[in-house]
Amino acid sequence: MTPEELSAAISACLTQAVADGDISVEIPDIVRVDRPKSREHGDWATNIALQLGKKAGMAPRDFAQILAARLAQAPGVGSVDIAGPGFLNITLDTAAAGELARNIVDAGERFGHNAALSGHVVNMEFVSANPTGPLHIGHTRWAALGDAIARVLRASGAEVTSEYYINDAGNQMNVFARSVYNRIHGLPVPEGGYPGEYIRELGQTVLAQAPELAEQDEQTALPKLRELAYKAQLEDIKNTLADFGVGFDVYFSETALHEGGAVTDAVARLREQGHIFDQDGAVWLRTTDFGDDKDRVLIRANGEPTYFAADAAYYLSKKDRGFIEKIYLLGADHHGYVNRLKAIAACAGDDKDTNIEVLIGQLISVNGAKLSKRAGNIIELRDLINWIGADALRYSLARYPADSPIALDPEQLKKNTNDNPVFYVQYAHARSCAAARNAAQKNVVRDPQAFDAALLSHETENELLAILGQFPSVVASAAELREPHRIARYLEQIAGAYHSWYAACRVTPIGEEPVEPVHATRLMLNDATTTVLANGLNLLGVTAPERM
RNA sequence: GCCCUUGUAGCUCAGUGGAUAGAGCGUCUGCCUCCGGAGCAGAAGGCCGAAGGUUCGAUUCCUUUCAAGGGCACCA
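In this note's numbering, the protein residues as written are 395 to 942.
No lab work stands behind these hints, which were simulated from the structure alone.
Hints should not be assumed to be uniformly reliable.
Have a look at the derived ranges for each label pair, beta carbon to beta carbon [stated by the list, open to error]:
hint	residue 1	residue 2	range
1	Gly451	Glu853	55 to 65 Å
2	Tyr701	Glu853	55 to 65 Å
3	Asn832	Tyr731	50 to 60 Å
4	Asp643	Ala509	20 to 30 Å
5	Ala636	Val515	19 to 29 Å
6	Tyr821	Ala608	50 to 60 Å
7	Ala413	Ala834	46 to 56 Å
8	Glu503	Glu434	30 to 40 Å
9	Pro479	Arg680	48 to 58 Å
10	Leu581	Gly551	54 to 64 Å
11	Arg941	Pro589	39 to 49 Å
By construction, the Cβ of each residue, glycine as well, lies at the ideal position given by its N, Cα and C atoms.
Work the whole structure out from these sequences, hints included.
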């Protein structure tokens, strides 16, 4: 029995009590049940009587009394006690609780999937690093977190498209190309250009493909050089992301927006909506109509569109492609963009509270130290992966909510490798796999007929089952709140409960002792744990090794 | 000046109104004759930044205040 099923049972009791005229009150959609901190308070507790007592015009304890009497009759419920001002402490029937292990194993990879966001059609844009340099630590957090959010949303029934916006337009690309050109010819970095060893490597890559560029003057060489360097850099970014386990459904080019006329078109459409005005020779969007602190220029006095105009066109593209919810994941250094992005949505006729969502992630700060061999003081994602591994890195980043600031101490980064919580969780998974291998050797077979849920009566089994049963609701809340760190913290709980159980209850008989039903039953619980750990790690983009 | 985020154990951080505020690391004490000791059992460590308010109940919600980080372009 999962907490959801218990919650539903309580709701049913309430509905019946109202129908019978015992109480008169409006029943909330869902009744929350919590795992009490103290075992003395039963398996699950609810404060529903405290919430509804007053509304029903009776003392919470009297309300609790009525509900408890009915709930105690519900299938799977062992006993119900009333505590304090009106808490309901519920103890499940051992067999009903244990049945969960079989259900989890039956569900397999599907366990944890839920319908909390079914019907939602979502576009998620994140990372979107400029193709003028390698991915660095500043992009890393959203790469890990964004990918995990996408996975969690999908597991909760949403239809998700992940997208990378390539800022391949504008003057920066010319500066980028000149930086490579200068480096090839041993000239100094141009004004506002890109330093870094990777520029030299790009130069080599480009010359390998088009040696003639070395002989040409800047004006002749630049267009092709820019194209080749850009492609090489984008390729490098994609490779690094792949090594990090992050893939995008769509790579969307800003240049394509401009060249396809989408920007001009967007301005025209926004003008039709009545939020555009002309002033000082420029074309403005009146974003102040929707909470921005000043209006924004779309087309400059010189006729060139701004970056913001491309943003508007991009938003409209997402809208046109059928995405109801557009999620933007941005760093804290872009928080000033939130209001203007939302204003675009509103100007386009969308609801800025439901059709667009902008999540701001605090930046990762690093204490001093230059760690990158190639780019000077920029810490590259590729280097981080090489140092601490994709698993450990992804897990450590997905473990904290986005708005919590993370300070990484470069020296501690490597040292942390051994006490990173990811090993605690992965170890639990590997250990459960080992336990299953050993059980097989001793002829403890996976036989559903031999499974007897009532045998899972040890207190560590009660605890482990209770935690395993929470997985679907943890996934659902991680999706609804866009907080995958809840998955990580939850997995650590499972690992702890599993290790305790492992120390107390054996899956395999000792020595020559006979195999009994209890062993097959425990193997089921062991397998259930393996399943939930693997499913959870997968949602975070972290591998679940069978051996370590 | 205005806006956003964050102040919880020595350190790094969980905790979307409930019972005795949690975890990891670090410190201390026990536990390998048997399924993985990368583990388990236990101890110590807290004025939840401060002050008001809302209510049966506040670390959580509201206001004020102090401190830290980030942001306020006809750049991209």
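Hints, verified against the model:
1. At roughly 40 Å, the beta carbons of Gly451 and Glu853 sit outside the given window of 55 to 65 Å.
2. Distance hint check for Tyr701 and Glu853: the Cβ-Cβ separation is about 60 Å, which falls inside the suggested range of 55 to 65 Å.
3. Between Asn832 and Tyr731 the CB atoms are about 55 Å apart, so this pair conforms to the stated range of 50 to 60 Å.
4. Distance hint check for Asp643 and Ala509: the Cβ-Cβ separation is about 22 Å, which falls inside the suggested range of 20 to 30 Å.
5. The beta-carbon spacing between Ala636 and Val515, approximately 26 Å, falls within the hinted interval of 19 to 29 Å.
6. A beta carbon spacing of about 53 Å between Tyr821 and Ala608 agrees with the range 50 to 60 Å that was offered as a hint.
7. Our hint of 46 to 56 Å for Ala413 and Ala834 holds, since their Cβ atoms are close to 52 Å apart.
8. The given range of 30 to 40 Å is respected by Glu503 and Glu434, whose C-beta atoms sit roughly 37 Å from each other.
9. Between Pro479 and Arg680 the CB atoms are about 54 Å apart, so this pair conforms to the stated range of 48 to 58 Å.
10. Look at Leu581 against Gly551: about 56 Å separates their beta carbons, and that is inside 54 to 64 Å.
11. Checking the proposed 39 to 49 Å range against Arg941 and Pro589 shows it holds: the Cβ atoms sit about 44 Å from each other.
The structure fails to meet hint 1 from the earlier list, while all remaining hints are met.
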